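Listed below, chain by chain, are the residues.
2 protein chains.
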Amino acid sequence: MKAEIIAVGTELLLGQIVNTNAQYLSRELASMGIDVYYQTVVGDNMERLKEALRLSSGRADIVLLSGGLGPTQDDLTKDALASYMNRSLHIDRMAMDRVERFFHDRGSVMTENNRRQALAIEGGTPLPNETGLAVGNAISFEGTHYIVLPGPPKELIPMFEQEAKPWLLQHVLTGELPIYSKMLKFAGIGESALDQRLEDLITAQTDPTIALYAKEGEVTVRISTKAASESEAMVRLNELETRIQERGPEFMYANEDVPIEKVIVDLMADRSWTLSAAESCTGGLVAEALTSIPGSASMFLGGIICYTNQIKEKLVHIPHALLEGDDAPGAVSAEVAEALADHVRMVTDSDFGLSVTGVAGPGYAERKPVGLVYIGLSERGKETEVHELHLQGNRETIRLRATKALLYRLWQRLVASKQA
Amino acid sequence: MKAEIIAVGTELLLGQIVNTNAQYLSRELASMGIDVYYQTVVGDNMERLKEALRLSSGRADIVLLSGGLGPTQDDLTKDALASYMNRSLHIDRMAMDRVERFFHDRGSVMTENNRRQALAIEGGTPLPNETGLAVGNAISFEGTHYIVLPGPPKELIPMFEQEAKPWLLQHVLTGELPIYSKMLKFAGIGESALDQRLEDLITAQTDPTIALYAKEGEVTVRISTKAASESEAMVRLNELETRIQERGPEFMYANEDVPIEKVIVDLMADRSWTLSAAESCTGGLVAEALTSIPGSASMFLGGIICYTNQIKEKLVHIPHALLEGDDAPGAVSAEVAEALADHVRMVTDSDFGLSVTGVAGPGYAERKPVGLVYIGLSERGKETEVHELHLQGNRETIRLRATKALLYRLWQRLVASKQA
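Respectively, the protein sequence lines represent chains A and B.
Number 420 marks the last residue of the first sequence (this note's numbering); no jumps.
Number 420 marks the last residue of the second sequence (this note's numbering); no jumps.
Heads up, a few of these hints could be off.
Since copy identity is lost for identical chains, a pair holds within one copy or between any two.
Pairs of lysine-lysine residues, derived as PhoX-like cross-links and limited to a Cα-Cα distance of at most 25 Å, are as follows [to be verified]: (1) Lys165 with Lys368; (2) Lys314 with Lys185; (3) Lys2 with Lys50; (4) Lys154 with Lys215; (5) Lys154 with Lys185; (6) Lys215 with Lys368; (7) Lys418 with Lys382; (8) Lys226 with Lys154; (9) Lys185 with Lys368; (10) Lys418 with Lys2.
Hints were generated in silico from the structure; no laboratory data involved.
Note that the structure is a prediction, hence the values are computed from the model and not measured.
With the hints as constraints, model all of the structure from the sequences given.
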């Protein structure tokens, strides 16, 4: 079953709003096992709208239209669809009652153009709008099924959920198998390196299917299958998950769609472990990532952003001799990363201490190159580990990559310590 | 001049990501006076991608493609375009050097598939990628101009701005009057409130045009005009800027597209003022925003993320009696916000001290409601100001809004102190 989404609205083509409806509808259709082949955005223009309908009818079984149901002359979606099908429009009595009641309740006069919001296409099923005034429509024509939805997400989402989805399940999807997915999350490995490790599995994929996506230092592998029941799907998905995990067990940190900091917070809360961080070049990014997770208050005690040498000395007790002087390694060094991680752990009396110090740029510091970063990880009673990173990118990218690298090392350490 | 935007990626059709690139590119094209008639999304599929190219070529003068330039077998955009034009692909030497250097600098082995990221189409202009590895392309064929851009916004935006836009201006838009814009930036006021203050100007707009965009606690007002010369444009834009600024001088912090933290860093550097921050519920967001600005090292001395009461006592010297006990105001209180701002300023010996303490949720703390936040601002030799905020939204939104509110107050204070 192939579907296409057509969003109608010049405000989308001007870039005034982002097309979140297409994302919502795509995700919903995917979860129903319907493949979306195209998303299209077209303006409030009768000819181009009818052209988009003509095209979509030739290539899709289901066409979802969003937007263009309002009261103004610009709102053309139902007119265009009716004209395309050579059908007439009529006032839907229930929808009209709702429009009239709305104006009556507010004590205001309904202008004539508001009647347009109650228009329905001859032979179709009106879809009531619980959160707005414009009625939706569901209608089949020449083998293609059309669903007409309002543009505002707070109207579109409830109408899809309560009206359009049940209509599709009852009239169109009888007998189709639902689709089930699992998201496998990787860190510490790039998209292309993971792609190569999985190359034979990806090439041979039929069912389940495998897809890779990279985002901000994490790679997501989505595996999907159509099945009659969840348990049947899970047998296939779990079997493939195991084969994928074997290709890089040291990189796969979750089998659900969560960031690595969520896994870290859960692992630490589970053991009542506590954490602190001393950050120089990341300026709070590490703390911010961890504290973005609800429940982090139980494990993240606090952090020190020691941007200057004075603060490194005063708040994290880094010896002056390490920071300044001809023979000093300097603030951007393995020695200072180690001391920062150890000292922030001791100052806050936490089980684990993290540190980052480096040159985020633009411009070098201490005659050290942009992208040189040291990360430290201290654990009570264990040896402190320090890693030297050479990162590419601009200031923002270097700070983000340093943060992700540190969180990845922490996750690895927590897994090892948990097993110990 | 008609344009069409084609975003390539199955992750868009599955609804895993929202198509923000289409919004960005539509807005940029509109600002250049180019009409976007269609946005299309198509999956990583050779046949459908070529079909989308065939369609767009028939109806657009300019086609912008985004996504599908990565190293994996799914990344087909350049292959499809080259095949559509019957042209070959070759390795762009500069792009290949960049890919090789990337792996060399990391001390890792480049896998063979990464060569794909350096592919360019015969006869086209390679567009360098300053923030990533995949090279872009600009190429004209049978009267249509194609621009190929990478999918990640942090690569697409700089490449459009620095490479594609100049190419379009030079090769395609010759003879058109150039468009000049100014961005007026507002903080501390919502989009709809600002919209109302500017209502008569917006209604009467012909030339220059006025457009409002809201994003993360800031509102941008973009004013644009077409003119034969920059000086002619600036006369019109500056006149309108003055009229707009008069509607809310206490909210307009810049007349160029910069975040408020950039204005803060510049103002402080100019006076050699220094700053520190003690953050509880924002967990590093304030420090992160400030340190994201190059040059912030000269004014931001450091920060303390005091997530627990123990850390508030130990590192910021908040009296135990303020934090705990039956009569204590508690960590989320005006008293603690004031003490945090004062003490972090004294501990770090900075001119200004900032503080945030509140309930970001989910779930209340100290029997105080989610969204209750206190922000403090301490200045050497002046009275400390504290504001009580009642913020709406989820954890992420509350943290972000608290950060923006504090930065807005700091900017106001700096402007006042500068004039004093």
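### Task
Please flag the earlier hints that this structure goes against, numbers listed from lowest up.
Hint check: 1, 2, 6, 8, 9 and 10 fail, others pass.
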